[in-house]
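Same order as they appear, the protein sequences are chains A and B. When we follow this note's numbering, the leftmost residue of the first sequence carries the number 1, and every step to the right adds one. When we follow this note's numbering, the leftmost residue of the second sequence carries the number 1001, and every step to the right adds one.
FYI, nobody ran anything at the bench for these hints, they're computed from the structure. The reader is advised that the hints may include incorrect statements.
Below are the DMTMM-like pairs computed for lysine to aspartate or glutamate, each with C-alpha atoms no more than 20 angstroms apart in a straight line [to be verified]: (1) A:162 to A:190; (2) B:1288 to A:137; (3) B:1288 to A:99.
All values reported here derive from a predicted model rather than from experimental measurement.
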Amino acid sequence: MTEALFEVRGLTKRFRGLTAVSDVTFRVGHKEIVGLIGPNGAGKTTIISLISGTLLPTSGEIVFEGRRIDTLPAYRRARLGIGRTFQVMKPFPGLSVLENVTVGALFGRGGGERKRKRAEENARQWLHFTGLERRIDQQADALGGPDRKRLEFAKALAMNPKLLLLDEVMAGLNAVEVDEVVELIKKMREKGVTILVIEHVMKAIRRLSDRLLVLHHGQQIAEGRTDEVLQDPRVVEAYLGKRRQ
Amino acid sequence: MNRLWIALPILAVALAVVPWVASDTIVQYGINALLVATLAQGWNVIGGFAGYPSFGNSVFYGLGTYGTAIAMAQLHWSFGSGLVLGAVLGVACALLFGLPILRLRGPYFAIATLGLAAVMSAITATIDIAGKNIGLILPLFRGDTLFYEMSLILLVATTATVAWLARSRFGAGLVAIREDEDAAQVMGINTTMYKVAALVIAAFFSAIAGGIHAYWITFIDPASAFDPSLNVRMVIMTLFGGSGTVLGPVVGAFVLSAVSEVLASKATSVASLFYGFVIVAAVVLMPKGILDVMEGFRTARWRYFTNNLRRFRL
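For reference, chain A alone in the conformation it holds in the complex (with noise of 0.2 angstroms):
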């Protein structure tokens, strides 16, 4: 792994009594997917929340390229590069797929494009980038669930993050779309993102992903590369239950 473009230590969030992430500590090198697994009401979302400033934790540290970010609002956490996609997803329904994306050019990391023209243009090759372009003057909330998914991805590309955060974005999708997501999301990679991806579905998370962090009940019981990762007796466990002897 080289130098970590972020790391979480000991992170940790409380709803009232119930406790849906429970001292977690990782890291996360530039360039790497890490894929973020468990059974529902781990505490993956939570943790995509945390980092992404959508929630606050209870304990714990989160330092984005050497930086704590963890008391920062959300915004701020975005200009620094964090970008995110929602697994209910969030278009801005009542404007167009072009208008959608404009948006994320025109704030993202550093502030954004200050012009609307040039936003405008950026936003088009993303578009492009995510094979939305047939759609691009088309509103958001008449898209068909694979096109919505291509616009979280569009939006949350056009902030130009260092570092995405992918909430379950295959849920839904047929055998071919998922390959062609897997393909995307390999391809942001090439372009210098560093992503961390919660996913169900395993034919892709063993794909795609570097490393896996595995959560069960708010707890991380496994951490590593993907293959020894899925064969960890603990994992296998939490997801399919206890072998008989």
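Chain B: place on chain A using the hints.
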């Protein structure tokens, strides 16, 4: 669309000529229509662009009237200084209450701003320098032409600001907040600052409109200065014309002012009934405003209306 932007300055000049050729009644109707159009345009910034349904804009208007009235009637300042005082009060109020109230969303925000309006009216009625609940009388100045031109300049300035907003990065941020505030924030938009700025812009223009109205009418009291139904009119006019558009609020204000003026001169009791009918019909048949009708009718003809009924499941 380009032809429209050439037509607008011509329209503004044509409107500027009105006081020299039209009757007093029309000029007086004009002053009211221009001021209420400014208020609708101000509401458009916070309600139409940022998506925060404010019922506190009548507070900014009221503070503008009181700022001007206190300056002129009590402190014997000039009208210009009065406008400045009114604008300062309005903007200060937006800054002070904007921060806490803009944390609320949707109907909760609306209720909080409505509360602010009620409180302001009650507070004003207890302050000595504001004339308690009796009100204040301003020095008399007969010059409808001047009031008309001032109101026109104010409306042009407000509309120019909104036109800039619609093309700017700031405006794009406000629209993103309206469409999905959580998504807007993780994309790097300082939502708190943007919302407060939108409220401040609305407050500034509403307060100036209040100041002009106060000097024109020469008498103000808490009930008329902080009248919540004025805020309702701003909302209705903006929605009628087209919320979040540059010209919608102006068109809506002119059309509805004309409708209520004509009706009020015919029969007062039937008037409000018909006014209500117009609004219901507008909401059901053209929920995106009159400007959208002009766009949609060209392509879809009468089907435009039935399409709306289907699309918004009414």
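Tested hints:
{"no.": "1", "hint": "A:162 to A:190", "verdict": "holds (12 angstroms)"}
{"no.": "2", "hint": "B:1288 to A:137", "verdict": "holds (19 angstroms)"}
{"no.": "3", "hint": "B:1288 to A:99", "verdict": "holds (19 angstroms)"}
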